[in-house]
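Undergrad: Heads up: the protein sequence lines correspond to chains X and H, in order. The opening residue of the first sequence carries number -10 in this note's numbering; numbering runs sequentially from there. The opening residue of the second sequence carries number -10 in this note's numbering; numbering runs sequentially from there.
These are calculated hints, taken from the structure and not from any lab test. One thing to keep in mind: the hints can contain errors.
To be verified - A few chain H residues facing chain X, derived, Cβ under 7 Å:
#1 F11
#2 R111
#3 D114
#4 G173
#5 Y177
#6 Q179
#7 L181
#8 T182
#9 S212
#10 P214
#11 R220
#12 A221
#13 A231
#14 K238
#15 R239
To be verified - Interface residues of chain H toward chain X, partial, derived using beta-carbon atoms under 10 Å:
#16 G141
#17 F213
#18 E215
#19 C230
Claimed, not checked - Capping the alpha-carbon separation at 20 Å, the derived lysine to any residue pairs in SDA-like fashion look like this:
#20 H:K119 - X:S212
#21 H:K183 - X:K20
#22 X:K101 - X:D129
#23 H:K31 - H:D19
#24 H:K134 - X:P103
#25 X:K52 - X:L25
#26 X:K134 - H:K183
#27 X:K20 - H:T69
#28 X:K162 - X:E199
#29 X:K194 - H:T69
#30 H:K20 - X:E192
Everything numeric in this text was worked out from a predicted model, so none of it was measured. Heads up, the beta-carbon is just placed ideally off N, CA and C, and yes, glycines get one too.
Number of protein chains: 2
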Amino acid sequence: MLSKNTIKYITSLKQKKFRDEFRQFVAEGDKLVSELLLSYLKIVEIFAVKEWFSAHNIAGNIKVTEVTAFELERISGLTTPNLVIALLEIPDNEKFETINFDNLILVLDEIKDPGNLGTIIRIADWFGIKDIICSNHTVDIYNPKVVQATMGSIARVIVHYTELTTFLKEIPKNIPVYGTLLSGENIYTQDLTKNGMIIIGNESKGISGELLPLIKTKLLIPSFPENNESRAESLNASIACAIVCAEFKRRVFSC
Amino acid sequence: MLSKNTIKYITSLKQKKFRDEFRQFVAEGDKLVSELLLSYLKIVEIFAVKEWFSAHNIAGNIKVTEVTAFELERISGLTTPNLVIALLEIPDNEKFETINFDNLILVLDEIKDPGNLGTIIRIADWFGIKDIICSNHTVDIYNPKVVQATMGSIARVIVHYTELTTFLKEIPKNIPVYGTLLSGENIYTQDLTKNGMIIIGNESKGISGELLPLIKTKLLIPSFPENNESRAESLNASIACAIVCAEFKRRVFSC
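With the rest of the complex left out, here is chain X:
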């Protein structure tokens, strides 16, 4: 049986100010929670229906609370609640000294759509990219819609938030900085390296003016046919990110 206070607390975590205050976030659904149980993230409490607990062995340091389907619905953020909700600690990922500059690193300049951020985290995970640096105006990684869209990749990719201009000015001078721009050069004719920063811009405004001078190579994903004026104005931010990551990996591993 869930108390009113518990229901209020769990639902409050949909808002960033409460997540910041209590340093906790929520993840939902059998597949996602099962992946998180195997990850470095610390699960504080699990709320699930009886059948879910019957199918899972939960370590003793995690509090477990059996709920009815109706109670689950009251604390769920999903249209169709799915067996289990976990309450997790927000880890301290502000350790910039652990960033590995020998790998590719994604830099997100004000990605606003939670689905896009979640999808980009999943793309990074697929392509072995360990770190993502977000501008302070990028949507919060612990926003429930982002958490759900990562499909578990949130447990394997480290997402940092910072002021990007300062950050990019302070990285070692020999780190290549790429950006995806409609005014860039055909990615297929550019030299790509096995490490470097790839900047992805905001969904409607693209990359901020103050970051543009810091980009060494501007990349464009060519449309086909190239001289066709009557076509989509641009690609979605996460789509552009995926094509660029795939091309870097293809080239570097010379598939």
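Since the structure of chain X is provided, determine the placement of chain H on it from the hints.
TA: Relative to the frame of chain X, chain H by itself:
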């Protein structure tokens, strides 16, 4: 001033059964409606605030209705309504004889997420793909969330619905049929042609069992590092679609 009946009619079009009955759908926002005004799609009526009409010349055959911001909110499906809503006729796109088999064609096997379908239409538009064939269980292209996610590409890509097994059995024998599968072969080592059908499977179930024997080349987008077990289980359907389309176009146009 909007009548109760108009409000009721517009909002009813969020549901497929009413769209099917009245053969009309809704598109919202300045950017999208402006693109649709230049397209082959037939706009029946435009509801917009005064400032929008001041900035646009509307042809005489389109009914125009000035509304207040408050009225716009009542008929809008968006969280933040945006100046204008257009009511459009659903075109008759069931003409399979117009499909150009000399081009790439996307085949969607039960794509359920409206955002994914909208994004895939936008990807097709970017890469010059003119036709998409959807299974009858794929989300409806005139679902408002799909319409919005296409960002205008809905006006340039023809989306057909049919029973896929029969359709694929009836196409000319020399048309290559590709599919994206986790059990496929590395796409970078496969021969890719400038035409053919590319099957994209459902978000969680992948490609249906009955379509599998019809695929001639099974394609996998390799993860990196390839032998890494601890990574995302898969890529989102629209992400996989984008990477595959980009690779077909890159190879065929030998960038």
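Undergrad: Determine for every hint whether it applies to the structure shown.
TA: Hints and how they fare:
For F11 (chain H), the suggested interface contact is broken, since its CB lies about 26 Å from the closest CB of chain X, more than 7 Å. Hint on R111 (chain H) holds. Least Cβ distance to chain X is approximately 5 Å, under the 7 Å limit. The restraint placing D114 (chain H) at the interface with chain X holds, with a minimum CB-CB distance near 4 Å, inside the 7 Å limit. Taken as an interface hint, G173 (chain H) does not check out: its beta carbon lies about 14 Å from the nearest beta carbon of chain X, beyond 7 Å.
The restraint placing Y177 (chain H) at the interface with chain X holds, with a minimum CB-CB distance near 3 Å, inside the 7 Å limit. Against a cut-off of 7 Å between C-beta atoms, the interface hint on Q179 (chain H) is violated, since the closest Cβ of chain X lies about 10 Å away. For the restraint placing L181 (chain H) at the interface with chain X, the shortest Cβ-Cβ distance is roughly 13 Å, beyond the 7 Å limit, so the hint is violated. The beta carbon of T182 (chain H) comes no nearer than 14 Å to any beta carbon in chain X, farther than 7 Å, and the hint placing it at the interface is violated.
The closest approach between the C-beta of S212 (chain H) and any C-beta of chain X is roughly 5 Å, which is under the 7 Å cut-off, so the hint is satisfied. For P214 (chain H), the shortest C-beta to C-beta distance to chain X is roughly 6 Å, which falls under 7 Å, so the interface hint holds. Hint status for R220 (chain H) relative to chain X: holds, with the closest Cβ pair at about 5 Å, below 7 Å. With 7 Å as the threshold, the beta carbon of A221 (chain H) comes within range of chain X, its nearest partner Cβ sitting at about 4 Å, so the hint holds.
The interface hint given for A231 (chain H) is met, as the beta carbon of that residue sits about 5 Å from the closest beta carbon of chain X, less than 7 Å. A least Cβ separation of about 5 Å between K238 (chain H) and chain X falls short of the 7 Å threshold, and the interface hint therefore holds. Contact between R239 (chain H) and chain X, as hinted, is supported at the beta carbon level, the nearest pair being about 6 Å apart and thus within 7 Å. The interface hint given for G141 (chain H) holds, since its Cβ lies 7 Å from the closest Cβ of chain X, which is under the 10 Å cut-off.
Annotation: F213 (chain H) was flagged as interfacial toward chain X, and the flag holds, the nearest CB pair being 4 Å apart, inside 10 Å. Residue-level restraint check for E215 (chain H) holds (minimum Cβ-Cβ distance to chain X is 8 Å; threshold 10 Å). Residue-level restraint check for C230 (chain H) holds (minimum Cβ-Cβ distance to chain X is 9 Å; threshold 10 Å). Among the hinted pairs, K119 (chain H) with S212 (chain X) is consistent with the structure: their alpha-carbon atoms are about 13 Å apart, no more than 20 Å.
At roughly 38 Å between alpha-carbon atoms, K183 (chain H) and K20 (chain X) are farther apart than 20 Å, so this suggested pair is violated. Of the supplied pair hints, the one linking K101 (chain X) and D129 (chain X) holds, its CA atoms being roughly 9 Å apart against a limit of 20 Å. Distance check on the hinted pair: K31 (chain H) and D19 (chain H) sit about 17 Å apart at the alpha-carbon level, within 20 Å; holds. The straight-line distance between the Cα atoms of K134 (chain H) and P103 (chain X) is roughly 16 Å, inside the 20 Å bound, and the hint therefore holds.
Restraint check: the Cα-Cα separation between K52 (chain X) and L25 (chain X) comes to about 15 Å, which is no more than 20 Å; the hinted pair holds. A threshold of 20 Å between alpha carbons decides the hint, and for K134 (chain X) with K183 (chain H) the separation of about 38 Å lies outside it, so the pair is violated. Between K20 (chain X) and T69 (chain H) the alpha-carbon distance is near 32 Å, which puts this suggested pair outside the 20 Å criterion. For the given pair, K162 (chain X) sits about 18 Å from E199 (chain X) by alpha-carbon distance, which is consistent with the 20 Å threshold.
Between K194 (chain X) and T69 (chain H) the alpha-carbon distance is near 18 Å, which keeps this suggested pair within the 20 Å criterion. For the suggested pair K20 (chain H) and E192 (chain X), the alpha carbons sit about 14 Å apart, so the restraint of at most 20 Å is met.
Of the numbered hints listed earlier, those contradicted by the structure are 1, 4, 6, 7, 8, 21, 26, 27.
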